[in-house]
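Colleague: Reassemble the complex: the two chains are provided individually, in unrelated frames, and hints are given to aid placement.
Sequence order for the protein chains is A and B.
My numbering puts the first residue of the first sequence at 1, with every later residue one more than the last.
My numbering puts the first residue of the second sequence at 1, with every later residue one more than the last.
These aren't lab readings, by the way, just hints derived from the structure by calculation.
These numbers come from a predicted model, not from an experiment.
Where hints are given, some of them may not hold.
Claimed, not checked - Pair ranges (Cβ atoms, derived):
#1 A:V147 <-> B:W186: 53 to 61 Å
#2 A:F188 <-> B:A263: 46 to 54 Å
#3 B:L233 <-> A:F188: 23 to 31 Å
#4 A:D141 <-> B:Q254: 39 to 47 Å
#5 B:P113 <-> A:L127: 52 to 60 Å
#6 A:L154 <-> B:F143: 40 to 48 Å
#7 B:T164 <-> A:E89: 39 to 47 Å
#8 B:R282 <-> A:L45: 24 to 32 Å
#9 A:L154 <-> B:R283: 52 to 60 Å
#10 B:W232 <-> A:F22: 35 to 43 Å
#11 B:R279 <-> A:F188: 30 to 38 Å
#12 B:D228 <-> A:Y142: 38 to 46 Å
#13 B:V271 <-> A:D185: 49 to 57 Å
#14 A:F22 <-> B:I24: 30 to 38 Å
Claimed, not checked - Taking lysine to aspartate or glutamate and the DMTMM-like style, the derived pairs with C-alpha atoms no more than 20 Å apart in a straight line are:
#15 B:K249 <-> B:D155
#16 B:K128 <-> A:E199
#17 A:K56 <-> A:D185
#18 A:K56 <-> A:E199
#19 A:K62 <-> A:D141
#20 A:K56 <-> B:D65
Backbone N, C-alpha and C fix where the C-beta goes; we use that ideal spot for every residue, glycine too.
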Amino acid sequence: MNRYFAIFLTFARACLVRDMTFRANFILECVTSLGWMSMNLAFYLLVFTFTPEIGKGTGWSKEPFFAFVATGMIINAIVQAFFMPSAEELTEMVRTGGLDAVLVQPLDAQFLLSMHRVDFSALANGLVGVGLLAWAVPRMDYAPPPVAWLLYPLLIICGVAILYGFVIMLAAATILMGRNQSLYDFWFYITNFSRYPAEIYSGPWGSPLRMLCTFVIPILLVVNVPARVIAQPFTGQTWIGVAAAVIAAVAALVVSRIVFQRALAAYRSASS
Amino acid sequence: MSESIARPAAAFQGLRIWWTMLKISLEERLVYRGDFALGTLMRFLPIVTQVFLWTAVFAATSKSDIGGYSRNDIVAYYLLTMVTRAFSSMPGLSTGIARSVRDGSVKKFLVQPVDYLSFLLAARVAHKLVYYAVAVLPFASVFFFCRSYFPPVPDATTIAAFLTSLVLSFLLGFFMEATLGMLGFWFMEVSSIVFGYMLVQYLLSGHMFPIDLLAGVPTGIAGVSLADVVHWLPFEYTAYFSSAVWLGKVQGAQLVWALAIEATWVVVMAVACRIAWRRGTRRYSAFGG
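Next up, chain B with everything else stripped away, as it sits in the complex (with noise of 0.2 Å):
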């Protein structure tokens, strides 16, 4: 009886820590909101030119489509994956993790009744929380500037797989940066490998160009093209993929199976990443106050 009773009371105390982390986070991020508002319109600066190479590639070109794509499809999927990075990118994170590692921040987490990844979550979530009402105007804008670029909008079940796979590439971002912070409890430094990790993220995530594009370059394998290869790679779900199915490139049965993929690429991250914290943990050792 008394176990029943004392549940509830503990989830609730765990939603009221959530809930403090949230709101602490919240107002650390809105002291500069001049600087995040700046951030924020500056990110839609290199679209600009990638809408302008486009053109001048198309206008040279004798082709309708390239790789399955038109003009007005590549500029909508340029625009659609600004939506998903806005999900799926985490700055700061890996980095920040190490650095707290590095300056001994991080034991505090240790001694103190707070999960120190459910912390990083919750401030991760404000951080989208604030962007997101910094950037809906500028980013209903510019939609609504290039609507005529996009194809119309597609069926309620298309939406709800666009939108699933937004929350996912949050998640699974979220989890593949913070696994890469947590290499900060073996290495000193992770800079150059977060930068390492950037770049391949930036080539196969689909943020650069449509995966697509990739299908007719060989990798030496019989029948298998190098966007074969991107396909199977977590990347993609952090860009291309939630464009790709509002674009109507990934439908039926292949985004059902598609979504399952990233869902289970989101556990397998989210278990590397406890399974990194613990082992860090373990080995990581702090002296003095």
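Here chain A stands alone, though its shape is the one from the complex (with noise of 0.2 Å):
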């Protein structure tokens, strides 16, 4: 495991001085990707100038629901970080056979896959998440007690391990379809129903919905259960909601290990 740290480390180092040789570049990178949050939380501040709250009598109001949009922030930070962008160089790999490198190396290839490149300009992001957190909180009409604090970054962690489970499943998908260039397209059209509170899937088409991602693709336990513990009262219920949150966390980091060494198993080699 020390290993691994120090292997993941040298990467991290690595792909840190290759950022710092291209600082202008790094910048920029900054900037457009606070310009795409910045959207956003435009859109949702216009929306709040048409409402006093998303979905009525949720509880999600404005203050709260920029503690819930900040929450996605960091969660989606840590993985475009450390997780998408070697997922991202996957497709070609497997498309040319550079794959064949990665599996004659003595590592893990899941670990050699998913981990060797670190994008440090999406961390960004969730620097904002940070901040607008700190400045949504303290506005709340409640305020979160010792107790949420403590579990809220424990299920970060949890929603950051339901979306690697993802990316990984997507990475085996890249090996068995030979090419899928839509990998990036699928996992932010996927985790974008993780974007709003799930109180918005009602109705006789959203309530089966909200049980789909819940239950089968537990989506909306990704930022729903670490931003309802901090910025929804604590009950009984939110219990629930951190018990599915760590047994679907779990549930996605051993489901998608067996499907990509599946995936590897079948995996023919595209070079000569």
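Modeller: So, in structure tokens, the structure goes:
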């Protein structure tokens, strides 16, 4: 484990050196990334000029909703920084046969394929998320209890673990399909469901969708559970959400590991 | 006499080259059709969250309409922008041009009797034809499924204006992104500029929300809202405009005037693109084989 951690640190250091070599590009990437976030925040601000809350009686008024958005920003920034850059490279590696070189390394292939590249500019969004959280929480009608603050980092890790599981399963799909340029798009579209409070998925179509995105593809647990802990009153129901997030995180890691190993077993080299 | 015979022959030759370029691009697009079909289907997913978001917003507010849009109008608007974006979006065009400049592959178009912009246009038409062939079924299903959100089918004039605006949006999207790609002649790396453009485009085209919602946002200039400023720019013709036409938000003389502006933007961007290509190739230099 220590060996893997040391190797990961070496990867991270190499990526940081590379980023700092092209400093202007790094700053530009941070700025564009922040631009995208600002646009979304502006959209939410616009929405709140028309309504006092998202969904009648849901409790997702402006400040709690921005705490929700901030939580999503933190989780997504971690995934975008540490896992997505490597996963994005996989599609070309499979198509060109570059994956062969990875498979002969004396390291775990999943570790090498999912964590060899770190995008430090993506962390800028996470920092904005922390700032947004610090702005929103003191302005809420409700103050989160100490237990909520203790659970919050744990649930952030659970959210990251669930998304990591999705990234690995999409990587496995890439290996099986031979080419999957839509991998990144698919990840973006699926995680899109996690961007809003689960309460918006109601009615004859929304409720089944909510069930699907909670119990089958647990994407709604990623942001909703940590955000609810911090931005909604802490009740007995909250503990059920916490348990569900922990179980979903463990399941995502285990299932994705199995699927990825099977995909690797089915891999046929594209190189000569 | 000989000149009059030579002219149709040259025109025929030009058409043949164009048809060949189209055929090559169609075959290329169909090689990875599984990936292509998957990508097409996935584009509908963000609409689902938008529908639920706006349903929740309307449920929480006492207003029956927001910015002149009822809840049904908003849902119909987002679905219609999908159609407009199917025409105006040009994935990979600008980065592809910049890459061809950077890696030198653009030089073959400098020595071959093939116009680069015509080639790109033919490739894009092929891309769109394949896209429509793959997307027609999911599009038809979603629109049939969501038919209750739409107002009654508009009159023939509005439909004609809608179709015209879609064709113009395709040309506008193509020339805007191609011009952006031509920046590759001046900058080694344009990906950040392209990303910045995409952000602006997403916000100002009406892809994110109907531009009419900005009517109440002040700009600091008396009597001028943010919506007015956005209406002066070309971006709205790549998403908002066609949807607004179908929903009857733009009518009569205003519709004719807006179509004329859209056509003008197409000409302006086509000329800008051609100038960028001429100037870019003049300063371009390639070494090696």
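Colleague: Against each hint, give a clear statement of whether it holds in the structure.
Modeller: Evaluated hints:
1. A:V147 <-> B:W186: 53 to 61 Å: 57 Å, holds
2. A:F188 <-> B:A263: 46 to 54 Å: Distance hint for F188 of chain A, A263 of chain B is violated at roughly 34 Å.
3. B:L233 <-> A:F188: 23 to 31 Å: For L233 of chain B and F188 of chain A the Cβ distance comes to about 26 Å; the hint holds.
4. A:D141 <-> B:Q254: 39 to 47 Å: Given about 46 Å between the Cβ atoms, the range holds.
5. B:P113 <-> A:L127: 52 to 60 Å: 54 Å, holds
6. A:L154 <-> B:F143: 40 to 48 Å: 44 Å, holds
7. B:T164 <-> A:E89: 39 to 47 Å: For T164 of chain B and E89 of chain A the Cβ distance comes to about 43 Å; the hint holds.
8. B:R282 <-> A:L45: 24 to 32 Å: At roughly 46 Å between Cβ atoms, L45 of chain A and R282 of chain B fall outside 24 to 32 Å, so the hint is violated.
9. A:L154 <-> B:R283: 52 to 60 Å: 57 Å, holds
10. B:W232 <-> A:F22: 35 to 43 Å: 36 Å, holds
11. B:R279 <-> A:F188: 30 to 38 Å: 36 Å, holds
12. B:D228 <-> A:Y142: 38 to 46 Å: 40 Å, holds
13. B:V271 <-> A:D185: 49 to 57 Å: Hint violated: Cβ distance 33 Å, outside 49 to 57 Å.
14. A:F22 <-> B:I24: 30 to 38 Å: Check passed, 36 Å falls within 30 to 38 Å.
15. B:K249 <-> B:D155: Status holds; Cα separation ~14 Å.
16. B:K128 <-> A:E199: 37 Å, violated
17. A:K56 <-> A:D185: The hint is violated at about 32 Å.
18. A:K56 <-> A:E199: 9 Å, holds
19. A:K62 <-> A:D141: Roughly 11 Å between the alpha carbons, so the hint for K62 of chain A and D141 of chain A holds.
20. A:K56 <-> B:D65: Holds. K56 of chain A to D65 of chain B sits at ~16 Å (cutoff 20 Å).
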